[in-house]
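Asker: Residues per chain are reported as follows:
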Amino acid sequence: MDFLNAIIVLFNFTVIPALAYGSQLALGAIFVTLIYAVLRFANFATGDMMSFGTMFAVILTYYFQSLGFGLGFLPTALLTIPFAILMMILYMLIIDKFVFSYYRIKKSPPVQFAMVSVGVMFVTQALIRIIIGPSDRRFLDGEKFIIKATEFKEMTGLAEGITLKSTQAITIIVTLVVVSIMFWFLNRTKTGTSMRAYSDNEDLALLSGIDPKRVVLITWVIAGILATIGGVLYGLDKSYRPFVYFNNMLPIFAAAIVGGIGNPFGAFLGGYVIAFAEIFVTYAYKRFISYLLPEHLEPDSLLQLLSTDYKFAVSFSILVIVLLIRPSGIFKGKVI
Amino acid sequence: MRNYKNVIAAYSIMIFLIILVGIFQSWSIALTILNYCLISAVMTIGANIQWGYAGLINFGIMGYTALGGLAVVLVSVEPVKKAWQVGGLNILACIWIIVAIIFVVKFILNRFDKSKLRNYSVASVILGGIILLRVTAAPGIEAIESVDPAKTGFLGGMGLPVLFSWIFGALLAGGLAFVIGKIALGLRADYLAIATLLIAEIIVSIIKHEEWLARGVKNVIGLKRPAPYEIDLQTSEWFINLVAKFNSSKLNLINSISDKQEALNQMVIDASSVYVKLCFTGLFLTVVIILLIVTQKALYSPWGRKMRAIRDNEEAASAMGKNIVKEHLLIFILGSAIVGLAGAMMVTNDGLFTPGSYRPMRYTFVIWVMVIVGGTGNNFGAILGGFVVWFLWVEAAPIALFLINLFTSHLPETNAVRVHLIESAPYFRFLVIGIGLLLIMRYRPQGIIPEKIIKQ
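Those protein sequences? They're chains Y and B, same order as listed.
First residue of the first sequence? That's 1 in the working numbering, and the numbers climb one at a time after it.
First residue of the second sequence? That's 1 in the working numbering, and the numbers climb one at a time after it.
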């Protein structure tokens, strides 16, 4: 019984949150990696672009709520995602037309692209703050929990309970669906293959008649979908705050590089690697161990490797270690 | 002299703008802006050495700035004797443990060939060392942080004059840059950018959360100053006389003695803050001029030409026998040390150390915008960039507010759009900086004052 309790404690406080957080990071990391593979630059506006898409979802959610639309027990935000995605793609295409395409045609070095994306980051951040303001917003409605700790305890008769928030379940399910569709698209369809060809070798791809404009367009469309969904899921799970999204860019970058930048599957796994590492290293194992050990051996300290203040630092340290030992990432980067 | 015409013109416009602020807002605000412009200029000189001279992209400026600020606390604050008594030994032991770990790892790496066993043993030494560190440090940290936590709760500094901290800040930042450079400089440009960005974040989070070191997010206030305090000035005879002399024409217009005294008091209060800021301006200006002379000499020396050669064509330079790894590391350290100096200057100017305020937006990206806008590879350009961008960063909000009021003046006061726009006026600074950067990148990629290569 104690063993079961221990497993449940670990599951409840580390595995479920890490899966949800990892999914959010994974979507962002695939976004980064796609832009890197096809358009060949590190996009420093990642976090703010995700925030921009989420902003539309938040505004539309408020609007739908005022109209009385809703999905019952599901959050209204799910209904607004398609509209938010459209707005996001529109914004990205405008940015691409007026900013990035010039440097792409000129074949500028990646560093110049990165600096331009910093400019885009400033502009996006300004637009977000001017449109919606910097304050903290919760836009989750519908059922909050799927399984509550007390219900779980009653059902199973165990001392520890599992809490499953509806946002966590939605995050994991939506991520899996979106990512599977995306991989199917990249690997099985003609357009996806042309994108991979373009990423592998631009000149050869052009030679074989692939339209570069179309590839770029499709990339931004997929990027818009990923950015908006990732951002909305994060906002539902925590809350929507523009500043936090900017900070989230850092673990997202870490995830993309750890997985091997340019490799979507690597980025997908990288998100989970970062999330699990962050949570496993900063979790206090006292309760877990106390179930496993006999009573008189119970530990005094919290058994925490690092305090939760260092959550971000953990993911960055992993990144640094990966860069040192295997700069190409866990999976070999630069292919999609 | 003709070559410097545009430089002189650009700087005159900048000085004119600051004087305008002095006339329209107040001289105190104008001097605050000028001081921050000078600090930004030091940062941009540092960033420009790395990016403009050598093409190294360092997004970790925030980390070095924070480290420079930490140096001010470590140097100038009086030591907390009680904290040293209760926990100093543990902290010293920790430092020895860290040194020992580094030596053991170095020994293993040098002594044995590359193999799986070596990797595992290095990993286990580091892991074991960290556990040992935590066990040693934990009781000491707890004891230190419980020493009068509302006021101290940290080890304090060395109690030296604050100007020493500027040198120490530069040394600290340079030392860190040596370590980071050893780790990360082999990476490709955009990887290096991301890696340095994240490493800076790690440094700031350590400063934020290790309260025994510099109180972390609880901040250190009331740091020493290299300039006199306003309160002392307001009570000293010579200063009051000086103010009275300067304003004698104004004072003579007032007839009643009590009114005259009151007006003089107000003038003394205003003048004291201006005087203190002028002292800082003088110090900062000295630093900027010294740095400018040194960097300008370096740029046109054989060493500067070598750096440009490496930047423009690494392979060719390495074929000519230049040691690229060594030169890159050297320039990384130099640039970071200058940024650390700027960080120490900034904390000295503010008189308080607030680790929570170090954000990549303000301390990394804005500095980069300064370098790009001003002119990469040209020190005059970089400094001008620091001035222009900082000026915009501060003055964008008032200007935006003015423009919003101008364009929405036909709308009623309570109009929702107008109210919303007025509320969001502070965020127009991001818009101005962003669009400015994008326009410069597109239409004048070499910056306002482009790099000038003197053929010899």
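Treat the hints with care, since some could be wrong.
As the list claims (entries may be wrong) - For lysine-lysine, the following DSBU-like pairs were computed, each having C-alpha atoms within a straight-line distance of at most 30 Å: (1) B/Lys106 / Y/Lys311; (2) B/Lys106 / Y/Lys107; (3) Y/Lys311 / B/Lys208.
Derived by calculation from the structure, the hints in this document are not laboratory data.
Asker: Each of the hints needs a verdict: does it hold here or not?
Answerer: Hints versus structure:
1. B/Lys106 / Y/Lys311: holds, 28 Å
2. B/Lys106 / Y/Lys107: Between B/Lys106 and Y/Lys107 the Cα gap is close to 43 Å, so the pair fails against 30 Å, i.e. violated.
3. Y/Lys311 / B/Lys208: Holds - the C-alpha atoms of B/Lys208 and Y/Lys311 are around 13 Å apart, at most 30 Å.
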